[in-house]
Amino acid sequence: SMWLEHINEKPRSIGAVMAKPEWDVFHKNALACPMFIVPVQKPEGFFNMVSQIQDGKY
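This note's numbering puts the first residue of the sequence shown at -12, with every later residue one more than the last.
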C-alpha cells in the first residue's frame, strides 16, 4: 500500500500489517495480558519496547 511504502522509506520507521489470523491471536493475547515487552533489534544490539493495550485502543 502507499502508506507502507511511505513509512518504509523513512530510515527510523517500521511499517507492517497483520493478517487476520495473526490479529486474532494478538487480540486474544492482548486482552489476557495488556502489557508486554517487544525486543527490537538495532545494529548494536537490542532495546526493549514496553507496550500497553487499554480500552480497546491498539
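Hints are computed from structural coordinates only; laboratory data are not their basis. Predicted model, so just to flag it, every value in this text is computed and none were measured. Treat the hints with caution; some may be incorrect.
[To be verified] The list that follows gives simulated cross-link-like pairs (lysine-lysine, DSBU-like), each with its CA atoms no further than 30 Å apart:
1) K(-3) / K29
2) K7 / K(-3)
3) K15 / K29
4) K29 / K7
[What the hints assert, rightly or not] Computed spacing ranges between beta-carbons, pair by pair:
5) M(-11) / C20: 32 to 40 Å
6) E9 / Q39: 26 to 34 Å
7) G2 / P26: 28 to 36 Å
8) M36 / W10: 13 to 21 Å
9) M(-11) / M22: 13 to 21 Å
10) M36 / N(-5): 12 to 20 Å
11) E31 / P8: 28 to 36 Å
12) A19 / N(-5): 26 to 34 Å
13) P21 / I1: 19 to 27 Å
14) E(-4) / A19: 34 to 42 Å
15) M(-11) / L18: 28 to 36 Å
16) V37 / G2: 29 to 37 Å
17) M5 / Q28: 13 to 21 Å
A virtual CB, placed ideally from N, CA and C, is assigned to each residue, including glycine.
Ascending list of hint numbers which this structure does not respect: Of the numbered hints given earlier, those the structure breaks are 6, 7, 9 and 16, listed in rising order.
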